[in-house]
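Residues per chain are reported as follows:
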Amino acid sequence: MNEPSFDLASMPGCFDGVIPPLIATCSAQGVPNATNLSQLHYVDASHVALSNQFFSKTTANLADNPRASVLVTDSETGNTYRLSLHFERSETSGALFEELPASIDAIAAMMGATEIFKLRAADVYRVLDCEHLTGPKIEP
Amino acid sequence: MVGASAGDDAVPEAFRVWGVSWDPDGHLRALISSDATRTLATVKPGAWLSLTFVNLMTMRSVQVKGRAVSGPELPNRADVEVMSRYRTDLVAAFATRGVPSLLIDAIRPLAVFAVTVAAEELYDQTPGPKAGARLGEHQ
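Those protein sequences? They're chains H and Z, same order as listed.
So for the first sequence, our numbering puts the first residue at 405; every next one is plus one.
So for the second sequence, our numbering puts the first residue at 5; every next one is plus one.
Next up, chain Z with everything else stripped away, as it sits in the complex (with noise of 0.2 Å):
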């Protein structure tokens, strides 16, 4: 998983997510990889975030796009379940690539934060002539 966010200046930052879950609310809580460091300064609520999901064994990707609910926030006992959820997961995906384990080790973050998202816009991101296109309306 992977995102995006921007300060006021518009400037962008690239970053890692290294898992999520919903909330009771509805919300998307995103475990983002604390070397963003510009998205830990500015997130607040109501800014624009990206969260991409792609199946690295189909590259099929779907982008949400919605606004924080909260500032960043510490990672709670939960999320560390999610996170060593995730890092198993992609471990497998990306082993029938031929990576090596040691190698998704070496870009798993020291640390993450986490913010919650409230989902706005759903879009297909899979590669391909349909990238961009609207997926609908979030409920």
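Looking at chain H on its own, in the form it has when it is part of the complex (with noise of 0.2 Å):
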């Protein structure tokens, strides 16, 4: 397999849920879904991944439609990007399955029902393009 040709460790500040993603998802029959995100995650070089605990449109669509595209900002420098992702798996044990409630505390702590979140489960995709998109930037 090719190297990628985007280096996902050096936006550190696309994984910290500042500004919340979005990820677009598309049923069999072409409609498409949109929904917030609170964090991506980094995985690895070329994989990141989304906490699964209410995507039922997502979940559905990802089941006929592996195709993903997530917009993502990064808080330190103001660059946005556009991945185009593929859906690999679902993991519901393990170290990455470990590590992502604590950004789903985050978000229920904010809506005051941390009694009802819970992780179902850590969804890896696979990055196939990140497209950096223009626009106004911060001045360093």
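Treat the hints as calculated values from the structure; they're not laboratory data.
We put the CB at the ideal spot given by N, CA and C, even for glycine.
Just to be clear, a hint being listed does not mean it is correct.
As the list claims (entries may be wrong) - Chain Z regions said to be covered by chain H (calculated; three or more residues, Cβ under 8 Å):
#, segment
1, 22-34
2, 46-58
3, 73-87
4, 90-96
5, 129-137
Unchecked claim - To give a feel for the contact side, a few chain H residues facing chain Z, derived at Cβ under 8 Å:
#, residue
6, V422
7, V435
8, H445
9, V447
10, N456
11, Q457
12, A472
13, R493
14, S494
Got two chains here, separate frames each, mind docking them using the hints?
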């Protein structure tokens, strides 16, 4: 497999959830779905993960069509990226699964509903492409 | 506000929406960031779009799904005013979370295009057990 032409490890500000990322999926019938995320998680140079709690429509879409699109902003630079993703697997145990609840706790606390938020799975996606979007930028 | 489209190949594209308004026919006019190049290239009358609105204070979210009435259009003067108000509201909302306006301006698009959408389906998208529940038929 070719080395990816992007370096996710160099973009830590994309994985802190300061600016909520968003994910788009599409059903087999061609109907898109857009959902805000609390946080995107770095897995390795070519993979990211999302915490699956209540993504009922997103999960259903991915079962039929594994393609997804995520928009994420690096809070340190203001750069925004559109990631083209391919859903690979859901993990319900292991190191990654154990790491994700912290971000869930944060959003649950914001909503005052800590008792109803439970991690179902860590959904792992392969990053097919990373497009740097142009726009007004933070000056150093 | 955020949104999604998908071309005939069912590959989705996520994008930010920089304001919406209602036209006299009751359609939503969404101002989509011009970096949504796939959407710009593929949206046409009848194409499905998803638009999700979130209150950043409460995370209450509503998703509208509908079909485009038009292809992409250039923004008009009223759209520019909608964009300005949206930017003001977004800066205020993120300020409550400690996010500086500089960062919001960094994600502000250089340009937008407008797409008119006939809303057909409405969903509760608030994080929680009822996320994805249909809210009712559009009138």
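Quiz item: Which numbered hints does this structure break?
Solution: Per hint list: 1, 3, 4, 8, 9, 10, 13 and 14 violated.
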